[in-house]
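Q: For reference, the chains in residue letters:
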Amino acid sequence: MSKLKLNLGPQHPSTHGVLRLILELDGEKIISCEPDVGYLHRGMEKMAEKLTYIQYLPLVDRIDYLAGFFYSELLCRTVEKALEIELSPRVKAIRVLLLELNRIASHLLWIGAFLMDLGAVSPFFYAFREREIILQYFEKISGQRMMNNYFVFGGVRRDIGYLEDVENFLKILPDKVNDYEKLITENPIFLQRTKGKGVLDKKTAFNFAITGVNLRASGVSLDFRKGDYLYKDFEFTPVVLEEGDSWARYKARVMEIRESAKIAAQALEILKREKSIEQTLINPLTLKLPEGEYFQEIEAPRGLASIYVKSTGDSKPYRLKWRTGSYYSVNLLRKILKGAYLNDAIAISGSLDIILPEVDK
Amino acid sequence: MNYLYFLYIEFLAKHNIPQLFGDITFYVIPCCIIFAALLIVVLALVLFERKLLGWFTQRKGPNRVGFWGLLQTLADAFKLLCKENITPKGADRFLFNLAPIIIFVPVMVALGLIPYSSEFTFMNFQTNLLIFIVIGAMPVLSILLAGWASNNKYSLFGAMRSVSQILAYELPIAFVILSVAVLASSLNLSQITLAQSSAKGIFGWFGIPCFIGFVIMFICVIAELNRCPFDLPEAESELICGYNTEYSGMRFAIFYLSEYALLFANALLLAVLFLGGYLSPFGKYLSPMIFPPEIGSILVYFEQAFWLFAKSFLIIFVIIWIRATLPRLAAFDLLKFSWACLLPLSILNLFLMVILKYLTGGGYV
Amino acid sequence: MFKDIKYLILSMLTVFKHLFKKPVTLEYPEKRNIPPENFRGKPVVENCKCCGICTRVCPSGAITIDKENKVFKIDLKKCIFCGNCAYYCPHGAIKMSKEYELGTKEKEALVLNYKIGGADERN
Amino acid sequence: MNWSEFKNIFNDCKLQGEKIVIHSNLLKTIEFVKNNYRFEILKEIIAVDNGDGTTELTYKLFSPEDSEEVLISINVQNEAESISSIFESAIADEKEIFDLFGIRFNGNPELKRLYMPEDWKGHPLKKDYIENDERLKWNE
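Which chain is which? The protein sequence lines are A, B, C and D, in order. Per the numbering used here: the first sequence ends with 1534, consecutive numbering throughout. Per the numbering used here: the second sequence ends with 452, consecutive numbering throughout. Per the numbering used here: the third sequence ends with 655, consecutive numbering throughout. Per the numbering used here: the fourth sequence ends with 916, consecutive numbering throughout.
So that you can see chain A by itself, here it is in the shape it has in the complex:
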């Protein structure tokens, strides 16, 4: 058996960032795969120990630039819980609306990138066309498309506006998603490439600490939004599918887009009702977290994202650690790619929605 060692190297169009997979191949069948990460390591955790909380807040969007709101919400939540600040219903509704729009944008980009991995050219541009509307809305309210730095400890930077843009978007989204379904879901070549490929059963998913859509596509209904204080008065049903292969992960994400659109619509209703925004903003220069350890978690688009802050009472955290979803999906690659062929491997790693800034932190 002649072993060929191939570098699915850092510069590769379909690894969504700088991921290097050291593959051992027999012909085109993969014998072993060892992910090698660290090409995008910016030392977020070391930087946290050198910056005060308010200085660290804008950097937090860069941990996962496709879902920046989730990580700034995590940091704001930690400080708010530590200082026992209560959020007014309007601020909560603003946060839920922006989080769900961000989740839709991230899933849309994933659909485009996944189809581009499989070779289809046009869904990429259709998905980006919808995502562009969301990004332009983010630019209107927060000032920048992706690095929005809009959440502040105790509330939001300025009151939300231009709600009619969101209404128009939520009106046109359903039939655009139906377009994707018509174009992709029943496409025989797409089914051939994804049905039964990269099957992830419950046991390995638990063993590799996979959370989020990848886990829900394997039959486990574990959605951390259920226990979240922000989503308390929103009703939604977590998307659960049984097959657990690449196709189920794709289908779960499309259904999740529809689910998020429903939540966003409910958030809009609340925003129309609650007009008054009163938020107790903190003076950032004298912000000192009381001593102790704080754990917070949120359901990010790529799995469970959680933060751990250990503070010794001064203005800079003693230790800050992030847990991100893709970190464990990359680790899963070493098991799920065994025995797959080379071009299936690209499809399987694409279906896990791995984004490298999250892995390297």
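No wet-lab data here; the hints were simulated from the structure. Where is the CB? At the ideal position from N, CA and C, for every residue including glycine. Watch out, some of these pointers could steer you wrong.
[Claimed, not checked] Here are some, though not all, of the chain D residues that point toward chain A, as calculated from beta-carbon distances under 7 Å:
# : residue
1 : A868
2 : P885
3 : G898
4 : N915
Keeping the supplied structure of chain A fixed, place chains B, C and D upon it in accordance with the hints.
A: What follows is chains B, C and D alone, placed relative to chain A:
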């Protein structure tokens, strides 16, 4: 053709150039015309594809160079000319340079075979349809050379995949060509075109009786050209550029242009075999009716060429349309699809055509 | 078998439908996108009271104030346009303008110097 | 997860805040918790350098059925038992902690640096990691 020959000899005799020189150079002129026409058509095809892909995905497509983007491919070709020709360190230098030449030569031959109009055919010998099967197999040789010589694992993968793919899709084409030859009872392309002019307009074409063959040949042509959904050898998202990863500058331009030249040649072949070559879809040619007789009789040839080009561009439009929608096939299913499904279907189609030919008592010519 | 062909045709038609739609792309240099109202472009400073809050709020240390010869420096090579300074400045001296094309030939031009007090001409 | 039953099996542990602090046989404890109380997901391993040469490892276990979470923490010098035999997700976590804190997990199949290049000197997240680059001192 011989009318033009005498004209040419007479012209040379006027400048008292010996007739021997005329005989030799007479066949060089059409080759130059073909080469020039091929370059223009290929440049137009590249732009046509990029514009169409743009419109399919709600983009504008190239529109910066020249009015409405017409000179874009010319600019690309010129840019590639100026780029440096890098040969990778471990590459097998001789084979590395030989590969682009091998891929471009057969295409020129292919274009010479096709009857552009009833008068204007270059190599009109009796079995010029068989040469197309050989033309289909030549690029494999150059892709294998390119993949092996560029000393790059990804290129080697691309070359291996393309060999197995084109091998699998060469056989159904042979059977379908056989079934068309049976229908037209001749292997000469102009004979086949004339055989399709029996009934009035569209109903005479072989596309209708031999529709299964048309679909099979269409799929095999896409597979042979390594175009989506069969573009395993140069799959952008896996093997970056497959066999032509290490090529740069003029050599890459030759690979890139030969891919489109092959696309044009195969589209012409499909048009001739199934869509009635240079016959007009309305049965009669329009130009004699519109223009007075003496101009009309010359214009007829140009109109014939126009119909041939129109049909081949229609086929190319559908190929590009398929590229815009379908994802790529998996390597294993690609081969299974051909051996298990296309090959038996094409044999069945040949069998049907023989029965049809027998039943209609040689109705078609 | 026929179900496959049906869905193939269906996906082909949905792409064909887009052939006649208006392109959504924008030709950048000719037609420009007007940045919205609170867009975070290049920071601009006028009548700063040099209280120093912005230097302590800036995540990348891009702002330096030297009080002796009254010069307010913003180093655009370090600035990440996060808007912290503009948001937390008590006197509203720093504003994020709408200018986003900041490419220059020489590096020094990226360090903006503002005179404090009196007219804020940039040298 | 009833705490009393766990207490009398592993007697040298105490409940500190919401964390169970143990002092030794980490592998057996985690295995016991995983099999008996169905804690099947190891969410993350958090390492904190206490400053006096010891590092505190906190294992966050989660049981998806009754969505309950438990924190088990242990103080180690620079040697620790690897639990990658029970949770394969720990391979990546332990490599990261080895890279950033310098704790050798014996039993981890591929214990090498995760983020930093192979020839990197020092472990960045330890408190005694001194960078001699003046530019990084701007925020003191």
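Q: Could you run down the list of hints and mark each one as holding or not?
A: The hints, checked one at a time:
no.: 1; hint: A868; result: holds (4 Å)
no.: 2; hint: P885; result: violated (10 Å)
no.: 3; hint: G898; result: violated (12 Å)
no.: 4; hint: N915; result: holds (6 Å)
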